[in-house]
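Same order as they appear, the protein sequences are chains A and B. Numbering-wise (this note's numbering), the first sequence opens with residue 100 and increments by one. Numbering-wise (this note's numbering), the second sequence opens with residue 3 and increments by one.
Hints were generated in silico from the structure; no laboratory data involved. Treat the hints loosely; a few may be bogus.
Unchecked claim - What follows is a list of derived Cβ distance ranges for each label pair:
(1) A:P114 <-> B:V75: 19 to 29 Å
(2) A:A111 <-> B:R42: 16 to 26 Å
(3) A:P196 <-> B:L71: 22 to 32 Å
As the list claims (entries may be wrong) - List of simulated lysine to aspartate or glutamate pairs, DMTMM-like, C-alpha gap at most 25 Å:
(4) A:K163 <-> A:D108
(5) A:K235 <-> B:D45
(6) A:K235 <-> A:E209
(7) A:K163 <-> A:D183
(8) A:K135 <-> B:D45
(9) A:K200 <-> A:D183
(10) A:K200 <-> B:D21
(11) A:K135 <-> A:D164
(12) A:K135 <-> A:D108
(13) A:K235 <-> A:E109
(14) A:K206 <-> B:D45
(15) A:K193 <-> A:D164
Owing to the predicted nature of the structure, the values given are computational and were not obtained by experimental measurement. Think of the CB as a built atom: it goes at the ideal place given N, C-alpha and C, for glycine as much as any other residue.
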Amino acid sequence: MNQTANFSDEPAFSPMAAILAWLWPGLGHISLGERKRGFLIMGGVLVLVIGGLLIGGFDAVDRKDDRLWFYAQALCGPIAFGADYINQNHLKSKPEPDQLKTRGLGKVNEIGTLYIALGGLMNLIVILDALQFMPKRESEQPEAAQSDEEAS
Amino acid sequence: MSVILGYIPFLHPLSAFHDLWYLLIVPLAFGISMIYKALRLTDLNRFWRQVGIMTLQIILGIIGLAIALLILVQMIIPALPGD
Chain A
100 MNQTANFSDE PAFSPMAAIL AWLWPGLGHI SLGERKRGFL IMGGVLVLVI GGLLIGGFDA
160 VDRKDDRLWF YAQALCGPIA FGADYINQNH LKSKPEPDQL KTRGLGKVNE IGTLYIALGG
220 LMNLIVILDA LQFMPKRESE QPEAAQSDEE AS
Chain B
3 MSVILGYIPF LHPLSAFHDL WYLLIVPLAF GISMIYKALR LTDLNRFWRQ VGIMTLQIIL
63 GIIGLAIALL ILVQMIIPAL PGD
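Please construct the entire structure, taking both the sequences and the accompanying hints into account.
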């Protein structure tokens, strides 16, 4: 029996997988049957998003003051909108002296913002990959391993 | 020490890294490598090794760029003839 019979050379157009990939990073690939790949993608995006929130605090996501950065961060999905909601409604609504504790300044704020924005931009690639999905062959052929070396 | 004691994760920025900001390139490069390799590799059995290699490549690339910029700004530009 030919094991490669399920693989097509044409990428499958799957908008639902792309929507799921935006809703939660990696979910698009999991829905397409690439379970392990999906969890690894999820881990990678969450390293960037949670890392950015740990470094810069919720202030690293700011729809009003850092609008251009937020466009990139929004590609992470509802996590970015949730972080912005907390920042706008719970942190920035406090009196000015209390805000000094939660407001990120200097490099820490910049790097936290950058982490989440890069997480969003990498998730855009994930979304596009899920949208035009082409299953990757986990074959035992030596060519697969060779192409992995070339990819690095 | 007092900076760390008052730190509440996610609410307060991690000010302890204010002077060590350049170390934060390591988890950034690691996260980017994880996503890229998860998408690119056909054989995921070699995933973590490939992620480690790519993380190292990014960090060495950034260090190389930093050295090149240092040479340009500190040595080449000052040596150029002025007006």
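Here is what the structure says about each hint:
no. : hint                         : verdict
1   : A:P114 <-> B:V75: 19 to 29 Å : 48 Å, violated
2   : A:A111 <-> B:R42: 16 to 26 Å : 18 Å, holds
3   : A:P196 <-> B:L71: 22 to 32 Å : 40 Å, violated
4   : A:K163 <-> A:D108            : 45 Å, violated
5   : A:K235 <-> B:D45             : 8 Å, holds
6   : A:K235 <-> A:E209            : 36 Å, violated
7   : A:K163 <-> A:D183            : 9 Å, holds
8   : A:K135 <-> B:D45             : 11 Å, holds
9   : A:K200 <-> A:D183            : 17 Å, holds
10  : A:K200 <-> B:D21             : 18 Å, holds
11  : A:K135 <-> A:D164            : 38 Å, violated
12  : A:K135 <-> A:D108            : 22 Å, holds
13  : A:K235 <-> A:E109            : 12 Å, holds
14  : A:K206 <-> B:D45             : 38 Å, violated
15  : A:K193 <-> A:D164            : 16 Å, holds
Hint check: violations occur at hints 1, 3, 4, 6, 11 and 14; the rest are consistent with the structure.
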